[in-house]
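My request is simple: use the sequences and hints to build the entire structure.
The opening position of the sequence shown corresponds to residue 0 in numbering that gives the first Met the number 0, with each subsequent residue numbered one higher.
For the record, the hints were derived by calculation from the structure and aren't laboratory data.
Values in this document were obtained by computation on a predicted structure and should not be read as measured data.
Any given hint might turn out to be false.
Claimed, not checked - If you anchor each label on the Cβ, the simulated ranges turn out as follows: (1) Leu170 with Val140: 21 to 27 Å; (2) Gly102 with Lys183: 42 to 48 Å; (3) Ile136 with Gly184: 35 to 41 Å; (4) Arg30 with Ala180: 44 to 50 Å; (5) Gln16 with Phe129: 31 to 37 Å; (6) Ile136 with Leu170: 19 to 25 Å.
Even glycine gets a Cβ: it sits at the ideal position worked out from N, Cα and C.
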Amino acid sequence: MTVTNMNHAFAPLNISQFPRYYLETLSGLLRRPGDFFSGLASGTRPGAPLGFLTASSLLHVLGALTQMDSPHFFPPLLLFLNAMLMPLITAVAGFAAMKAIPGGKADFSRVMSVYVLGSGAVLPFSWVPFFSLLAEIGKWVLIGIGLARTCGFSRGRTLVMIFASIIFVSLGFYALNIALASLKG
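In structure tokens, the structure reads:
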């Protein structure tokens with residue numbers, strides 16, 4: 000995918016163009032992430048990346064269904080919600096970290112697009128037990144490349160944002176766990 004194609008890929012989509020957009024985006028992210036994210040910087044709208052994440056989340060759930068014993072509706076729904084919401088939660092944490100560090104000037108839609116695309120690129124593969132750890136590492140590598148190329152951050156700022164995202168989300172869920180345990184009594 001060339002840079003001009005990438006910018007075109009973020010134009011408003013109709014449903015018949017989406018499969019091509021999805022495959023071009025996935026291919027660009029996995030083959031040449033630096034070039035892909037460099038092309039993303041100019042005109043980022045959150046709609047197309049969120050559509051990409053939705054499709055990747057559905058593929059993740061469909062793959063995970065092959066490993067499930069029970070045909071219940073609730074576990075796949077939880078998997079889908081987790082696949083959709085975790086990139087958004089980490090994007091908020093990353094954006095907060097960026098704002099806490101002096102000099103952070105990227106807008107939220109650009110930061111969110113990087114987190115969503117980085118996560119969405121590995122979701123179709125992360126349901127395979129052997130690939131889950133590799134997919135998690137790959138996700139953070141893609142997010143790091145995206146933050147550096149799309150937002151123009153230095154390696155140091157990018158690493159701080161990634162570690163802060165992980166720490167903020169971990170502490171948030173830890174606090175939620177404590178709160179729920181205290182309610183349970």
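Could you check the hint for me, namely that Ile136 and Leu170 are 19 to 25 Å apart, CB to CB? For Leu170 against Ile136, whose Cβ atoms are near 21 Å apart, the range 19 to 25 Å holds.
Please test the hint of 21 to 27 Å on the beta carbon pair from Leu170 and Val140. holds (23 Å)
Confirm or reject the claim that Gln16 and Phe129 have a C-beta distance inside 31 to 37 Å. holds (34 Å)
Is 42 to 48 Å right for how far apart the beta carbons of Gly102 and Lys183 are? Cβ of Gly102 to Cβ of Lys183: about 43 Å, so the range 42 to 48 Å holds.
Evaluate the given range 44 to 50 Å for the C-beta pair formed by Arg30 and Ala180. Hint holds: Cβ distance 45 Å, inside 44 to 50 Å.
Mind checking the hinted window 35 to 41 Å against the Cβ distance between Ile136 and Gly184? holds (39 Å)
Hint compliance for this structure: no hint is broken.
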